[in-house]
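Q: So the sequence lines, in the order shown, correspond to chains A and B.
Under this note's numbering, the first residue of the first sequence carries the number 1, and numbering increases by one thereafter.
Under this note's numbering, the first residue of the second sequence carries the number 1, and numbering increases by one thereafter.
Simulated from the structure, these hints should not be mistaken for lab results.
We treat Cβ as the ideally placed atom computed from N, Cα and C, and that holds for glycine.
Just so you know, nobody snuck in bad clues.
Restricting the straight-line Cα-Cα distance to at most 25 angstroms, the calculated cross-link-like pairs of lysine-lysine (DSS-like) are: (1) B:122 with A:41; (2) B:288 with B:148; (3) A:71 with B:109; (4) A:71 with B:69; (5) B:69 with B:43; (6) A:118 with A:19; (7) A:161 with A:71; (8) B:118 with A:71; (9) B:43 with A:182; (10) A:118 with A:51.
So the derived list for chain A, only partly shown, Cβ under 10 angstroms to chain B, looks like this: (11) 65; (12) 69; (13) 71; (14) 74; (15) 78; (16) 80; (17) 83; (18) 86; (19) 105; (20) 126; (21) 127; (22) 128; (23) 129; (24) 132; (25) 185; (26) 189.
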Amino acid sequence: MATTLLDITPPLTAEVLAKLHVGDHVTITGVIYTARDAAHKRLIEMLSQGKPLPFDIRGQIIYYVGPTPPKPGQVIGSAGPTTSYRMDPYTPPLLEAGLKGIVGKAGRGPAVREALVKNKAVYFGAVGGAGALLARYIKSAEVIAYEDLGTEAVRRLTVEKFPVIVVNDIYGGDALQEGKAKWRQPEVLAR
Amino acid sequence: MARTASTKSTVRDVPASAITEAVARLCMSANTDLPDDVLQALKTARQKEESPGAQHVLNIIIENAQIAKSQSVPLCQDTGTTLVFVDLGQDAHIVGGSLDEAIQAGIRKGYNEGYLRKSIAKDPFTSRTNTGDNTPGMVHTEIVPGDKVKLTILPKGGGCENMSKLSMLRPADGRKGLVDFVVQSVEAAGGNPCPPVIVGVGVGGSADRAVLLAKRAIMRQPVGQHSPDPETAKLEEELLEKVNALGIGPQAWGGRTTALAVHVETFPTHITSLPVAVNIQCHSARQKTVVI
Chain A
1 MATTLLDITP
11 PLTAEVLAKL
21 HVGDHVTITG
31 VIYTARDAAH
41 KRLIEMLSQG
51 KPLPFDIRGQ
61 IIYYVGPTPP
71 KPGQVIGSAG
81 PTTSYRMDPY
91 TPPLLEAGLK
101 GIVGKAGRGP
111 AVREALVKNK
121 AVYFGAVGGA
131 GALLARYIKS
141 AEVIAYEDLG
151 TEAVRRLTVE
161 KFPVIVVNDI
171 YGGDALQEGK
181 AKWRQPEVLA
191 R
Chain B
1 MARTASTKST
11 VRDVPASAIT
21 EAVARLCMSA
31 NTDLPDDVLQ
41 ALKTARQKEE
51 SPGAQHVLNI
61 IIENAQIAKS
71 QSVPLCQDTG
81 TTLVFVDLGQ
91 DAHIVGGSLD
101 EAIQAGIRKG
111 YNEGYLRKSI
121 AKDPFTSRTN
131 TGDNTPGMVH
141 TEIVPGDKVK
151 LTILPKGGGC
161 ENMSKLSMLR
171 PADGRKGLVD
181 FVVQSVEAAG
191 GNPCPPVIVG
201 VGVGGSADRA
211 VLLAKRAIMR
221 QPVGQHSPDP
231 ETAKLEEELL
241 EKVNALGIGP
251 QAWGGRTTAL
261 AVHVETFPTH
271 ITSLPVAVNI
281 QCHSARQKTV
291 VI
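Extracted from the complex, chain A is given alone in its bound form (with noise of 0.2 angstroms):
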């Protein structure tokens, strides 16, 4: 079973994240923010428009997520991550923005490895297709902004010991390309 080197709790400082590295098992304890795709072309549109967020972003994380409605009982759904490429285009201007880490599923494109180098931010990876389990570190879950979007709606969560571990981080280490470079097996694709 994989060590944890570190609980970080957002906002997270400079400090915080130069210490995480490439493949580091991390867990999150405190407050971090829900959005998808939905969510972020509109906080987008308020950067753009110069208004306020529904959060203050500077420092935050936030978790790519839709869970599954809640049963009687239950704080949150199911709650594992989505797939992160679909917010691409909307990613370097939230981190200019002062976003300081991201939770989310499989890699990023290019841009958004460059940006998250240039403004210090990480990003992290929580096992995808988890939803039960995953659920069972969110503490507590509220809906903030936008409750139209459903169970794309940004949400305010209160996580405890949250698992991921480093995919991205500000030094330019790709959790993925280190990977798949470590296992490939180049004699056997040229067969």
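We have chain A; now place chain B onto it with these hints.
A: Only chain B this time, still in chain A's reference frame:
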């Protein structure tokens, strides 16, 4: 016109309400209970994996399946587009309502009562307003012999479905062209379809047929079962070996298990065509079947 005595009438009435109830139940159970063969394949992959990161991911996926089943909560927050495959016996007679409406009512009921996510957008290139009840499902109906109604519900996640590919190769591109296309499609998908995946390949038919073959290919049970045709089985083995040689691994964090299996379905095709379709199923390979 009355049936004559020589027709030996075996037409069986099947109430539309029975179809609604069955679809609702299957929507709920398909989303919480990972099929046994898939769970076993994940456990076997965990034993064989050499990458510690990959082992960690597989442990989490296996634990997630156990939590989902015991708590009756969805495996994944993407409870998917509801694909419905109906094998309608030609001697089954649906009474009390339309087959399609009965199915859609079942989806509506199951997704509501099961606390499942509503993930269907009405107008794909304009407002994209959520339909609020996960309808419409995508229904495929085949007429088959007999008087039964066989229903398979397959909740299909958007992440993996978005990695679907179709290429109309030339016959001259041949087996090698086919292999290269499938391997490149899986490589391009990377972590987006939530590896470890099940890769479905449809070869032949017309364009639409090839895509449906690829979808049916991912449904084969038990996962990893080879095609009965020896040439196709050899192709499946080669594709699995190459796909796993990409090194993508579970969640693309690097490892030996990018795919649990590759299934290939073929069909005769036009003398000028070699259609190859790829459909990828994520590790939440959900499906449930009932026969009414």
